Every structure is written in C-alpha cells, then in structure tokens.
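Colleague: Next come the chains, spelled out residue by residue.
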Amino acid sequence: MTIRLMLGALCLAGLSACGDAPVPGVEVDGERLAVVDVHLHTGTWEGSPPRFQERLGERVPNGFKWTLKFLTDRWLSAEHILSELDDAGISAAGVFSVYSPHTTGIATNQFVADVVAANPDRLFGFASIRLDQWNLDSAVQLAAFEDALTRLPHMIGVKLAHAHQQFRFDDARFYQIYEIAGRLSKPVYLHTATSPNPGTRLEPPYTDPYYLEEAIVRYPQTIFILGHSGWDSARRKLTYVDACIDLARRYDNVYLEPGALGAARAAEVLPDFVRRIKAGKVIHKLIYGSDGPQYPGYISSHLENFVAAMQAADYTADEMRMILAANFSRVFGLPEFEL
Amino acid sequence: MTVKRPATFVATACLAGVLAACGAAEAPPTPVVISGTINVPDGVPTDGKVTVNLYHAWALDGDLRHPIEEIESFEATAGAYRHAFAYPSDRGEGLLIYAWLDVDGDGALCSPTVRIDRAGLTEVRGFPAAEVTADIDLAVPCAAPNWFYPPASAD
Chain A
1 MTIRLMLGAL CLAGLSACGD APVPGVEVDG ERLAVVDVHL HTGTWEGSPP
51 RFQERLGERV PNGFKWTLKF LTDRWLSAEH ILSELDDAGI SAAGVFSVYS
101 PHTTGIATNQ FVADVVAANP DRLFGFASIR LDQWNLDSAV QLAAFEDALT
151 RLPHMIGVKL AHAHQQFRFD DARFYQIYEI AGRLSKPVYL HTATSPNPGT
201 RLEPPYTDPY YLEEAIVRYP QTIFILGHSG WDSARRKLTY VDACIDLARR
251 YDNVYLEPGA LGAARAAEVL PDFVRRIKAG KVIHKLIYGS DGPQYPGYIS
301 SHLENFVAAM QAADYTADEM RMILAANFSR VFGLPEFEL
Chain E
1 MTVKRPATFV ATACLAGVLA ACGAAEAPPT PVVISGTINV PDGVPTDGKV
51 TVNLYHAWAL DGDLRHPIEE IESFEATAGA YRHAFAYPSD RGEGLLIYAW
101 LDVDGDGALC SPTVRIDRAG LTEVRGFPAA EVTADIDLAV PCAAPNWFYP
151 PASAD
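Chains as they are written, first to last, in my numbering: chain A, 1 to 339; chain E, 1 to 155.
No lab work stands behind these hints: they were computed from the structure.
These numbers were taken from a predicted model, which means no experiment stands behind them.
You may find that some hints are simply not true.
Claimed, not checked - Simulated coverage check for chain E against chain A, where a stretch passes if three residues somewhere in it have a Cβ under 8 Å from a Cβ of chain A:
no. : stretch
1   : 32 to 45
2   : 99 to 112
Unchecked claim - Facing chain A, a subset of chain E residues (Cβ under 10 Å, in silico):
no. : residue
3   : Arg115
4   : Arg125
5   : Cys142
6   : Ala143
7   : Ala144
Glycine residues also receive a C-beta, built at the ideal position from the N, C-alpha and C atoms.
Using the sequences provided together with the hints, build the complete structure.
Modeller: As structure tokens, this is what we get:
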C-alpha cells in the first residue's frame, strides 16, 4: 500500500512538474490562507538506529534497499523539504533536532541549523538535548543546549520527545530544560502519546500529558506545545486527546499540535479529532503541523486531509486561519505570514 | 578488453553483494537463566504485581551508543524469582535487571498524584554467563531505569 502511495506520489509529482507552479496557501471560502507547518524532520541514514532503518526500509521493495541511504539523505535535505513545502503551498516550517538514540536517531542542533540556513525566511529550527546519560553529563548537556538556543541562528523553539528519549514527563531531574526554555522565550514542543517507532516507551508516564502538569504549573513562563495532541498512533486511538484539550483550556502556557493526524493511519479518527478541538474551544491553541516529510507527497496530503476535515466540521475561515498560521506567529513572536 | 572490465566489475560487485547479504545472518541468542530475590522495604505492601524489565547495559556504537536498551520483560512477585530468556548478544552488551512494584494496583509506575510504587535496578556483574544471581531492591518511589543507570559515579 505504501509503495503504491509512493509510486502514485512520484507520478503526481512528475505530472505537476509539467503543469502550473503550485499556488501558495489553501483556498477557503474564496480566499487563500497562508499555512505554516511547525513539525518537520531532517536527519541522515547514518544517524538512524538499525531498527529505525528497518522501519524506513519497509517502504522500499527488496532488491532496492541499497538505495535507502541515498534516498533518505536526499529526502531529508533542505532542498527536498523546501520542494515539498512549495508543492503543498506552505509558506514556512519548523525543523526539529532529535537526540533519540534508542528510537528515531540523531539530528544534531548544528545539523538542523545548517538545514535551516538554506532558507531562514522559511525554515525555523527547534533545538533539542541529549538525555540518555543524564546522571553523568547533565551539566554538559544543559550547557550545550543553552548554547545552541542562544548561539545558533534561527532556533525559535525546543523539541523533546519523552517516549522516544525514554524519560518520564514527571521526572524533576529534567525540569531545568523547561527553565532554560522559558528564560530564553523558546516554546517547547513535546511529543505526547505513542508512536509506532521501535523502542518507543508506551507506558503512561511517558505518554500521558497529565504527568506533565506539575512542570506546566511550575514553569508558567514556559510555553508547552503538546505534540500530536495525544494521538495514540501505536494503538490508532485518540487516547490522550481529551487530556491535552483539558490542559490547553486550563493553562495559558499550553498549546496543541496535530502532527500525523492528517496521515492515512489516522483517517478514521481525524473527523472526531477536529470535532473535539472545536467543541473544546481550543482552536486558538492549535498550531498546525504534519510530522513530515515521511514520503513524497505526505506534507501536501496531510494538509489537504486536515483542511478537508476542518471544512467538514464547519470551521470558519477565521478559525482555519488561526490554526494554519496565525497561532504559530503569535506563539513564536513572528510576523503574520502573507501570501 | 575495455568493454569486459566494467562487466566483470559489475558481476563481481553483484556477487559480492549477494554473498554479503547471505552472510549477514544474526548471531543466535544465548540462553540465560537469572534468579535472586526481589526485596521490598519494610512497611511497603508486598502483594502487588512486580514488572521486571531486562536491558542491555549499552547498545550500538559511535554517536548512537546509549545505555538501557530493552531486551524483554516479565511479571513476578516480591521474594524469590527465576526467569529464563534468550540474550541477543549481537544487539548490545551487559545486563541490567530493573523492576517496579505496583503497590496501588493501577498498572502504572506512579500516577501524577499517587506516588507510592517502588522501583530498583541491579547491574549484573560477571556477565555474560549462562546462569546469574542478582537481587533487586525496590527502594525508590516512581524511578525510571535512567534514574539508576548509568550511575553518577560510573566505573
């Protein structure tokens, strides 16, 4: 199925290359709205652990797996990310550093800074921090983290993934990360709930956002963006979505992001998700993201699916404008994106 | 002659690739039996379920080298335990035994508001070995494996 999707996407890409240039933004009620995708990944094949490489290889037929290193490195490059953004009509995007040697691998802060430098008007970096030997090197890692946030250009936020980095939401030994982020006015994007990646921790202390509430209360100056809004991807359920909405309603410093909810894997739950966001009155707290680039055409199809779901749920153009770009600009202190 | 060389090179490379693929079989796992005692501090109820997780102490190389790589888990009770498992020696080094006691029976190692479950970790010395003995003291509330390992004063 995935291979067919890839081939189809490649054919579409080829056809679109012969047609008109993509038009920026998405059309809603006769007007075009700007879009920012806060959640994209970069990295390298070499920086991926063997089990994650195997997962990446599931999308490639036997006999062609020797191409994976080349394809992965090309696919996660700045050039291809920008090309995918163009094809989707997306104005700008966040690009995440990751330090998850157990699961999804490593894309260093410097590596992300180099990617973002390809077009700093459209790409924004999110720094991260290595945590797996915290008893030994926490002081060194915290210093490197703060240095990355202050010295590297275009680092606008922080990326953490408790389930991938295998540290508990309620482990106070790591709270200094939030203190630094708040002091430097860098919003913290945190992966919530599960993922299907091998090695991901599935237990509630790593996935249930209520375990984060103590930190949310203790660091009111720190903005917490609850990534995936509690979408339990491993079980394909909205397990923690209501908890995320509840936290976003009760705390001014909590926001949400719907990464991967526009993917085919979430097709059955997406209508329910957008309905809960609207019913929960947290549209002003939702910052659009996709968790791309994943495979050719993913960024574009995620956006199309998400916008279609919002339209089906009777979101107004103003509500979509907030989710697709305005909330991002407000939270990160950036000018509104214009088409 | 100039035509044959690339053809020979390609054929050799393909054959080498096939042979390399055939030779990439994983090493068979090593049978290991662990046993010992799971100790609970005085005053802590001991009738709850104990979850035991087995980990490699370290895995992978270079920048990806990291501690605490999961092997498998099983359930036990406080007191004597014994467990046989297949140790995947090609996926990491060393052996850590981590366990936690579900004192309140909610299925999670502490909730945001109830913090009475206990955890502990033992690094097995003298590993690899076919049979090892290791006691585990469940003394620390709500502690994840990385609370214990690697220790601050790593040797």
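Colleague: Out of the numbered hints, which ones does the structure contradict?
Modeller: 1 and 4
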